[in-house]
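Undergrad: If you want the building blocks of each chain, they are given just below.
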Amino acid sequence: MANWIVLLVAFASVNLSLSVRELEYSTPQSCKELKQTYKITQDGLYYLSTPSGVVYQTYCDMTTAGGGWTLVASVHENNLYGKCTTGDRWSSQQGGSPNVPEGDGSWSNTVTFGTAEAATSDDFKNPGYYGIRAEDVAVWHVPNNELVGRWKLTSFLRYHTETKFLNNYGGNLYNLFKQFPVKYNVGSCPANHGPSVPVVYDVGSATSNHNLYGPNIRANSVPGFITFRAINAERAAMAICSGVKPTGCNNEHCCIGGGGHFPEQSPRQCGDFTSFDWNGYGANTEWSASKQITEAAVLIFYR
Amino acid sequence: MANWIVLLVAFASVNLSLSVRELEYSTPQSCKELKQTYKITQDGLYYLSTPSGVVYQTYCDMTTAGGGWTLVASVHENNLYGKCTTGDRWSSQQGGSPNVPEGDGSWSNTVTFGTAEAATSDDFKNPGYYGIRAEDVAVWHVPNNELVGRWKLTSFLRYHTETKFLNNYGGNLYNLFKQFPVKYNVGSCPANHGPSVPVVYDVGSATSNHNLYGPNIRANSVPGFITFRAINAERAAMAICSGVKPTGCNNEHCCIGGGGHFPEQSPRQCGDFTSFDWNGYGANTEWSASKQITEAAVLIFYR
Amino acid sequence: MANWIVLLVAFASVNLSLSVRELEYSTPQSCKELKQTYKITQDGLYYLSTPSGVVYQTYCDMTTAGGGWTLVASVHENNLYGKCTTGDRWSSQQGGSPNVPEGDGSWSNTVTFGTAEAATSDDFKNPGYYGIRAEDVAVWHVPNNELVGRWKLTSFLRYHTETKFLNNYGGNLYNLFKQFPVKYNVGSCPANHGPSVPVVYDVGSATSNHNLYGPNIRANSVPGFITFRAINAERAAMAICSGVKPTGCNNEHCCIGGGGHFPEQSPRQCGDFTSFDWNGYGANTEWSASKQITEAAVLIFYR
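Sequence lines, in order, name chains W, H and U.
For what it's worth, our numbering labels the leading residue of the first sequence as 48, then goes sequentially.
For what it's worth, our numbering labels the leading residue of the second sequence as 48, then goes sequentially.
For what it's worth, our numbering labels the leading residue of the third sequence as 48, then goes sequentially.
Treat each hint with caution, since some may be false.
Unchecked claim - Under 10 Å between C-beta atoms, here's a sample of chain W residues computed to sit facing chain H:
| id | residue |
| --- | --- |
| 1 | T97 |
| 2 | T132 |
| 3 | D151 |
| 4 | T157 |
| 5 | V158 |
No wet-lab data here; the hints were simulated from the structure.
Owing to the predicted nature of the structure, the values given are computational and were not obtained by experimental measurement.
The beta-carbon is built from N, C-alpha and C at its ideal position, and this holds for glycine as well.
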């Protein structure tokens with residue numbers, strides 16, 4: 048059955064062309080579908096297709112909390128000393144100017160980059176990020192340059208949501224961030240923060256999660272949530288506060304991704320990991336995050 | 048079972064590679080072939096192959112003026128304030144120095160980048176750009192960040208050639224630009240301009256096309272043509288003047304793409320959309336282009 | 048016939064998902080396997096798979112010294128005047144700061160970039176670089192922007208190893224460079240150089256190879272070897288000294304690739320082709336390399 052369907056797809060995609068609509072009903076489009084329809088239960092790299100027939104390969108977590116999690120993106124800090132320079136694809140590669148308030152715009156466009164195998168060594172975004180209709184997200188913090196087979200072993204923080212919150216925001220982060228643009232000066236802190244969703248920990252805990260950030264930001268946030276589109280005191284926008292809900296407005300010390308402009312000492316807070324190094328690289332004192340979280344990629348999954 | 052399937056891959060990839068010449072006559076290599084040989088009539092994303100067996104996916108326009116148009120490239124201005132910086136793949140990412148007269152060289156090399164689905168959000172170039180042998184070109188101006196399904200609806204300017212001019216220039220733009228290098232200081236204005244080819248409008252008109260540029264450049268150009276490899280007063284080279292034939296030499300205000308060096312107030316005119324902002328971003332006064340054309344990607348098709 | 052084959056490819060590639068482990072023993076994973084198991088003897092582009100099921104296309108040299116050589120990477124200098132700027136993927140795109148001692152880290156991570164067809168026009172690295180288990184390497188110096196079909200014709204220097212040295216270093220350069228990091232300040236010259244392996248010339252000779260470098264560096268090196276992870280007087284690290292074994296410590300004039308920081312007149316020696324232009328671009332006097340080697344891509348093969 049599965050093979051027969053796949054045969055149709057192959058015929059459609061290479062010999063080109065049954066319509067997009069027909070493809071929609073014939074190729075696995077998520078790890079969840081692979082698990083439910085094709086009974087795949089092994090973690091690893093799989094080929095998926097978008098409704099428009101784009102075939103891509105990504106990692107599926109088939110075991111955590113029921114499995115069926117599709118890796119759609121990773122946020123990797125290639126150089127925390129480079130402030131919105133080459134490699135800052137989740138914020139800006141344009142230098143941090145107010146002329147580019149949205150930066151590269153990756154959070155709400157269809158541009159893709161990187162590969163699943165290199166997801167801990169480079170920024171990664173696949174067509175599933177905008178093409179999959181999902182309900183929940185999972186996040187893994189995996190040390191940089193780890194091989195796929197070791198991600199589960201070496202990840203020091205892993206959590207997922209269970210509220211099906213994405214149903215209220217268009218079914219994926221692409222649509223969520225269309226509603227909550229990651230753009231400088233679109234709103235103020237705390238009035239215009241996006242949703243904070245409670246999380247369930249698979250590796251680590253609210254406490255260990257909180258301790259990855261500097262003591263000053265711990266005093267200005269609550270662990271156990273994932274927050275989307277936070278804003279700081281200077282109206283800079285950030286995409287994701289991993290594992291925390293901000294209660295203050297210096298959120299550039301616990302949130303990742305962002306628009307293209309961070310006014311305070313610009314461009315010092317601009318970059319994929321924003322201002323994790325404010326009081327020293329990996330210092331984990333005052334506002335600085337720990338070396339552990341600074342040197343780990345943030346993998347984002349859908350289900 | 049899986050072993051059996053995998054053996055098929057082995058067998059197939061061997062033969063696929065073996066029969067480069069066979070593939071030339073058996074796998075669709077253009078949307079024109081898809082339409083004529085496979086009778087496909089629906090616009091959308093399709094898989095094509097190059098003569099060398101590179102498989103890629105792109106968009107086919109199967110309906111305009113007989114259909115069979117293959118999307119091979121898009122020129123997208125990611126940051127008009129960045130002058131030959133990251134993202135200026137159709138001019139230079141090297142800063143605008145005379146040491147790099149050809150810039151990134153994308154107009155006449157085989158480097159590819161981007162994806163069809165993101166063609167209005169990022170620069171795009173597929174193997175069809177150099178691998179397809181075509182006769183005519185079509186150009187669409189589509190607002191940035193539009194989804195594939197809305198390109199036709201939202202494009203405000205669309206035209207095509209009907210003269211089969213590419214037969215005289217090697218069958219594609221890759222070969223045309225080998226004859227007319229997009230390189231600083233290879234010639235003078237107007238003596239060494241490349242061909243200007245009359246166009247037929249599918250959306251918009253010569254007048255609406257002309258009005259997208261600043262009044263000063265309107266006085267120095269004639270609409271209703273597409274011009275290749277224009278040169279300006281300072282011997283900078285540009286790739287395409289969309290919808291116009293220059294009659295003066297300040298062509299950096301109506302032409303896109305370019306070499307790596309623009310002498311006048313260097314690098315102020317250097318970038319994928321050259322000097323569309325000379326008298327203000329989107330101002331559409333004096334030499335400045337309109338906001339509409341400044342914030343739209345230029346999609347290039349072959350047939 | 049060919050359509051049927053293409054159909055099998057796609058059929059199988061979607062099904063690759065079904066089994067990662069079984070793939071290890073069934074899909075061609077190198078040009079050597081294509082030659083030995085499938086009796087392919089024609090040079091050209093072929094599809095291969097990694098043990099993890101990543102399918103990619105690359106060039107196979109099926110004839111030199113028994114054939115079965117897989118192209119896994121190319122080092123291309125896009126702008127020798129740009130010192131560790133955009134396009135320096137085999138050194139650093141981050142500007143040459145001591146804060147990024149490993150630069151982009153491409154020599155020992157799984158990030159991939161470029162395409163086989165554009166291997167002489169852009170940096171190239173495919174999954175074979177880290178996924179293939181090989182014994183020997185071959186290196187070709189091919190003029191920039193040459194088409195695949197002309198590489199053999201136009202290459203002016205080609206050599207290979209026959210010692211099976213990779214068996215001692217993990218079977219590929221990815222693992223070799225894990226043992227010998229291409230990173231600033233990991234060791235001193237000459238104490239901590241990596242292996243120098245004797246080579247056999249297929250095109251050119253030890254003498255013609257030597258003459259491609261400046262006279263001063265000729266006096267400080269011996270031709271007829273390929274050297275990995277050389278270090279210079281200021282403790283900067285370089286990846287490959289093509290065709291030579293350094294006997295001095297100014298190795299930035301005959302080695303390519305590198306970490307992110309070169310202390311001497313920083314960043315003047317930082318880049319994919321390090322300091323080939325120290326006494327003038329292409330001058331081939333004092334420490335400067337010839338124009339011929341400066342404007343040629345370095346293609347790296349495994350067998």
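Undergrad: Hint by hint, say whether it matches the structure.
TA: Structure-based check of all given hints:
1. Given hint, W:T97 at the interface with chain H, holds; its Cβ is 8 Å from that chain's nearest Cβ, closer than 10 Å.
2. Interface restraint check for W:T132: the shortest CB-CB distance to chain H comes to about 8 Å, inside 10 Å, so the restraint holds.
3. Interface hint status for W:D151: upheld, as the beta-carbon distance to the closest one in chain H is roughly 8 Å, under 10 Å.
4. A least Cβ separation of about 5 Å between W:T157 and chain H falls short of the 10 Å threshold, and the interface hint therefore holds.
5. With its C-beta approaching chain H no nearer than about 5 Å, W:V158 sits inside the 10 Å limit, and its interface hint holds.
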